[in-house]
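Using the sequences provided together with the hints, build the complete structure.
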Amino acid sequence: DTGVSQDPRHKITKRGQNVTFRCDPISEHNRLYWYRQTLGQGPEFLTYFQNEAQLEKSRLLSDRFSAERPKGSFSTLEIQRTEQGDSAMYLCASSPGGTDTQYFGPGTRLTVL
Amino acid sequence: AQKITQTQPGMFVQEKEAVTLDCTYDTSDPSYGLFWYKQPSSGEMIFLIYQGSYDQQNATEGRYSLNFQKARKSANLVISASQLGDSAMYFCAMREGFGLYEKLTFGTGTRLTIIP
Chain F
1 DTGVSQDPRH KITKRGQNVT FRCDPISEHN RLYWYRQTLG QGPEFLTYFQ
51 NEAQLEKSRL LSDRFSAERP KGSFSTLEIQ RTEQGDSAMY LCASSPGGTD
101 TQYFGPGTRL TVL
Chain L
1 AQKITQTQPG MFVQEKEAVT LDCTYDTSDP SYGLFWYKQP SSGEMIFLIY
51 QGSYDQQNAT EGRYSLNFQK ARKSANLVIS ASQLGDSAMY FCAMREGFGL
101 YEKLTFGTGT RLTIIP
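Top to bottom, those sequences are chains F and L.
If you read the first sequence in my numbering, its first letter stands for residue 1, the second for the next number, and so on.
If you read the second sequence in my numbering, its first letter stands for residue 1, the second for the next number, and so on.
What the hints contain is simulated information worked out from the structure, not anything from laboratory work.
Fair warning: there could be bad hints in the mix.
Each pair of labels, with its calculated beta carbon distance range [claimed, not checked]:
#1 F/Thr20 - L/Leu84: 36 to 42 Å
#2 F/Leu113 - L/Gln14: 20 to 26 Å
#3 L/Thr5 - F/Glu83: 28 to 34 Å
#4 L/Arg72 - F/Gly16: 23 to 29 Å
#5 L/Lys70 - F/Pro96: 24 to 30 Å
#6 F/Gly16 - L/Ser74: 42 to 48 Å
#7 L/Pro30 - F/Asp7: 39 to 45 Å
#8 F/Glu56 - L/Glu17: 39 to 45 Å
#9 F/Thr13 - L/Gly10: 27 to 33 Å
#10 F/Arg15 - L/Pro40: 41 to 47 Å
#11 L/Pro30 - F/Thr2: 35 to 41 Å
For glycine and all other residues, C-beta sits at the position ideal for the given N, C-alpha and C.
Below, the structure written as C-alpha cells:
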C-alpha cells in the first residue's frame, strides 16, 4: 500500500505567478486534507474533502487559494497571484474516515521570490 | 489561548536514554483525540501514536508511549531507549469534537537531537 504522494516536491516561483500542487491520497481513503506549515511552526489546517465534496475551509484560505478533488481521488491546490507570504510547506494528508488517523505526504515546499 | 502547547523548543538526549516530550492542551470538549507526529528533515509527518479522551489506558506503540493525564490536560510522549534516528521535530496535535471536526490543531513542536 503506497503512501500519500505530492507533486512537485519543490516549487520556486516569482511573485504574481500562479502555482498548482497535486496530492494523491492512499487508495480508498475518502478523506483528504491540506495543511500549510511555515518555518518554525506546526502545520495549520487549510481545507478538507470527503470524496469530492469540500466540507470545511479555514480562514487562512484566501480568495487566491482554491482546492479541488474532482473525482474523489487526487486533489489539486492552486494559488493565484502568489505573494512572498505564501512561501511555506504545503502538506497533504488522507484518512479512511473522519475519526481516523491522518497520514501525511512528503509535502511541497513553495518559495516565492 | 493556545490549544496545544509544547514548551520545549529543543532537547538534547544521549543515545539509549529515555526522553519525555511535553504537550499540554486546552479544550472544553469532552471528546477529543491526541496525536504525536515525527517530522524528519525530509519534511514528511510520520504518525507515531494516538490517545482518545475516553481511553482508559495510556497508549503504547513499540518504543513510544503516551503519558496521558486528563485532569492536568497533558499528553507527554515518552520514547524509550532513544536511537540516532529519533533525531527530528516532534509535534503534538489534537482533534476536537469526536466526529464533528476533523482538522488537527498542532503545537509548535520540539526539536529532539540524539547525541551518540
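| field | Hints not upheld, ascending by number | value | 2, 4 and 10
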